[in-house]
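**Student:** Sequence:
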Amino acid sequence: MIGAYLAELLVFPFFLIFARLGAAVMVFPALSDMAVPVRFRLLMAVAISAVFFPLLQPGLPAMPGQTGAMLALVLGEIFVGILMALGARLFIAAFAVAGEIIAFMAGFQSATLFDPQSASNTVAPTLFLSITAAAMLLALNLHHDLIRAVAASYVAFPAGVWPEIEDVNMAVIEIVAQLFALGVQLAAPIILVGLLANALFGVLGRLIPQLQVFYVSIPVSITLSLLVLAAGLSAMMELWTDTVAGKMSVFQIEESLR
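Going by the working numbering, the sequence shown opens with residue 1, and the numbers climb by one from there.
For the record, the hints were derived by calculation from the structure and aren't laboratory data.
C-beta atoms are modelled at their ideal positions from N, C-alpha and C, and glycine is treated no differently.
Between beta-carbon pairs, the in silico distance windows are: (1) E174 x P37: 29 to 39 Å; (2) G65 x T132: 47 to 57 Å; (3) T132 x A47: 21 to 31 Å; (4) E164 x M70: 14 to 24 Å.
Full structure from sequences and hints, please.
**Tutor:** Below is the structure:
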């Protein structure tokens with residue numbers, strides 16, 4: 001009798017909170033990297049759930065009597081947690097878009113390295129920018145905004161209430177469109193330099209047919225792209241952090257998912 005009472009009063013509500021917060025931690029960029037041990041992520045999710053438990057427990061639904069209803073409730077919490085962290089992960093992908101564009105314009109397409117975040121090979125600019133973005137995200141405490149947003153999501157999406165699929169689709173489409181636009185903006189200086197360099201070497205190839213344009217253009221394009229990237233890296237990071245900080249604020253996330 002006492003065990004059933006404790007399960008209904010403490011264990012099940014804590015598990016509901018852990019399902020939402022734990023799912024967010026597992027998907028959140030930097031924390032979800034393959035290099036981060038799963039045990040560490042689980043312990044972090046348990047610790048955060050324990051902190052929020054006294055605040056969120058009174059508003060949680062009672063434990064259902066049927067297994068199917070209980071499973072649906074838990075799956076709904078996991079879905080909301082993943083949804084809240086997905087926006088931040090998609091904005092990290094803006095650097096993947098920018099990195100691919102930079103690699104194409106600078107001639108880095110054949111220079112692939114192992115990416116610990118995705119456990120796959122990727123081009124060097126994408127790896128560099130992704131690691132830099134993850135470091136900036138943690139250094140600026142943007143992961144705190146995500147945790148606050150997940151906790152505040154209990155106001156917009158109380159436990160047991162599934163988000164409207166149409167609203168979720170529209171929010172994801174909007175975020176994906178914004179991340180592609182942001183990726184192009186981040187790579188815009190390198191795009192401009194690459195186009196000018198290609199045009200210049202095209203003219204030189206016409207004027208000097210004996211010139212081996214391909215062998216000359218590659219080192220020049222790489223050097224110019226690296227110089228522009230080094231000069232504009234701080235501006236790129238500032239643009240990205242301002243965009244992500246605005247989108248990850250509690251109120252904007254809530255409004256975008258309503």
